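Visitor: Please model the entire structure based on the sequences and the hints provided.
Top line first, the protein sequences correspond to chains A and B. Using numbering that gives the first Met the number 0, read the first sequence as starting at 0 and increasing by one per residue. Using numbering that gives the first Met the number 0, read the second sequence as starting at 0 and increasing by one per residue.
Since the hints were derived computationally from the structure, they do not count as laboratory data. Treat the hints with caution; some may be incorrect.
Given that identical chains are not distinguished, each listed pair holds provided it fits within a single copy or across any two copies.
Lysine to aspartate or glutamate pairs mimicking DMTMM-like chemistry, simulated, CA-CA at most 25 Å apart [said to hold, decoys possible]:
no., residue 1, residue 2
1, Lys177, Asp36
2, Lys7, Glu125
3, Lys5, Glu125
4, Lys9, Glu125
5, Lys21, Glu147
6, Lys177, Glu293
The structure displayed is predicted, hence computed values, not measured ones.
2 protein chains.
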Amino acid sequence: MRKIIKFKNKPKILSSASVVGKKENRGPLSKYFDIHDETDKFGQKTFEQAESEMQRLALNLALSKIKTPQKNIEAVFAGDLMNQCTGSSYGLASFGIPYFGLYGACSTAAEGLILSGMTVNSGIYEKVACLSSSHNSSAERQFRFPLEYGNQRPPTAQWTATAAAAFIIGKEDTEEFKSYACLAEALAGKIIDKGISDANNMGAAMAPAAADTILRFFSQNKHSPEDFDLIVTGDLGYEGHSICKEILADEGLKLGDNFNDCGKLIFDKETQDTHSGGSGCGCSASVTAGYIMEGFKNGIFRDVLLVGTGALMSPMSIQQGLSIAGIGHLIRISAVDKNEE
Amino acid sequence: MRKIIKFKNKPKILSSASVVGKKENRGPLSKYFDIHDETDKFGQKTFEQAESEMQRLALNLALSKIKTPQKNIEAVFAGDLMNQCTGSSYGLASFGIPYFGLYGACSTAAEGLILSGMTVNSGIYEKVACLSSSHNSSAERQFRFPLEYGNQRPPTAQWTATAAAAFIIGKEDTEEFKSYACLAEALAGKIIDKGISDANNMGAAMAPAAADTILRFFSQNKHSPEDFDLIVTGDLGYEGHSICKEILADEGLKLGDNFNDCGKLIFDKETQDTHSGGSGCGCSASVTAGYIMEGFKNGIFRDVLLVGTGALMSPMSIQQGLSIAGIGHLIRISAVDKNEE
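Guide: This is the structure in structure tokens:
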């Protein structure tokens, strides 16, 4: 019942690629990202089309890294924050790969990795791709105000990252490339609504959902938090992450320095003025594809829990006075040569 | 490669339930729908919340029909047309079931059935739910104009159905209920963009994608179209369905009277003034949950192909001059006691 899914066949992360904007490229994780654009436009006329182009570039590069033609990819799991998920549909149309559109808000990368892991582990597909993206400028005008309005942001507000990432998940390594990391376990999140209705405090809205998933994970197995090099939430930001930590402590689960948040990692707190940190589908996606995958390559990471977090609201649901539900999807990424339960 | 997925363990459709609005309840399929509301509001203050309530009612009823508590459902696959898929997230929050949010536009029910079939067939989950919905009044003001504006609709326009449906898919029958139908095969759709940019002619935009999936299905196996009691597209409508039929005929695949469309079935052409027929996530979902499942129960249907169709655009992508990409997800539903390849 609602159990942790164990991937016995250890689906491998064969490749990953990240594409980011100007601000992300000036942040602390700059060296881990593959492609950036100083204009944030990626040669396109609109920010929305730029976001699609970022997905196209990310998948292209992820395929190139392992010299795999797109025809070998049997399915793609993708989604983004734009209305009707057009970042993914327009960005991926040219590949001709069977397409599963997802909407998990900012948890989409983790949701896609779970579905990728499930379908590859059970032999349904041999190789699949998983993508997600967000763009600060497409998100700001859709969720909040036109950029030109110059809206003031409260301290709890987060900065939607301009970032996209692609992962190729497969049963076997390719001839030329050996993978470093694999998908080991997964636990899908529940929709949790604790009554937060401040659209400028998404972290607080998502924190209970992340905590719920983390608590369910540790209650169902013998792991302790110290077994992991990194337990990282998607985009709770400073505010939400500290709330999540408190909820977990109240429930008796004390997390230490290995508990972090992609939204805290992607921007510099002192110099980049993002208030409560980064957010967006592309935030956890690019931090995982860049920073975390590099950590596995270098042997710094051997076991990581990613808890992708999403706020399941819309501007209209906020206008209509509804509170913001959150979700946290957990995926465990382990070193390929790590042998244990 | 991109092959048909055969569900060897035949995941069963344990239960289904449909919830529709006033117009749908006055249409030709009225007797097959479970719940309707003459006000289209389902006791809610807004049309958006009405759509969420329809999903909640549908899942509740589908569970009640087989006397299964919600705690026995391990995951739910759901999505809708509203921005950020809030029909599903708010509608399903109270169930506490691990949630995979989908966005396949009007193909979402078929996409969800495919993922339900995959996860149950491979033993990842024992019982899952799949939901989808649309509401004419929430869709009209989001995609086109406020209802009060009284916009004139061209002949190719379709009528977004006010409808929601839930399916419970499981490995085994429950003690009290025996299922009639199971998921037999699936083929995920590709994003196909043939350059149609008229948002009032979605059928034409989706027809090539439906045709692509149908052609791939019949080219990969020994079936002929006559083997099926019904081959039904999701919501191509009169215009799109005739285009799809033409494309298939051009490719040498002649489909006869068993080729139909949920958008043609749900409303009466002569008396209900919907122009090119019905559309929306809830259209194919409710027609399948109601009419098609009843057909299996009565033995009228023994083998059905549902090709859920979706238009992967947004109002903004249309304003920005982009064309409309389509997708067609195929799921084969067979009678439980049907023994053959």
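Visitor: Could you run down the list of hints and mark each one as holding or not?
Guide: Structure-based check of all given hints:
no., hint, result
1, Lys177 to Asp36, "neither (29 Å within a copy, 58 Å between copies)"
2, Lys7 to Glu125, "both (15 Å within a copy, 18 Å between copies)"
3, Lys5 to Glu125, "both (18 Å within a copy, 15 Å between copies)"
4, Lys9 to Glu125, "both (12 Å within a copy, 21 Å between copies)"
5, Lys21 to Glu147, "within (19 Å within a copy, 43 Å between copies)"
6, Lys177 to Glu293, "within (14 Å within a copy, 51 Å between copies)"
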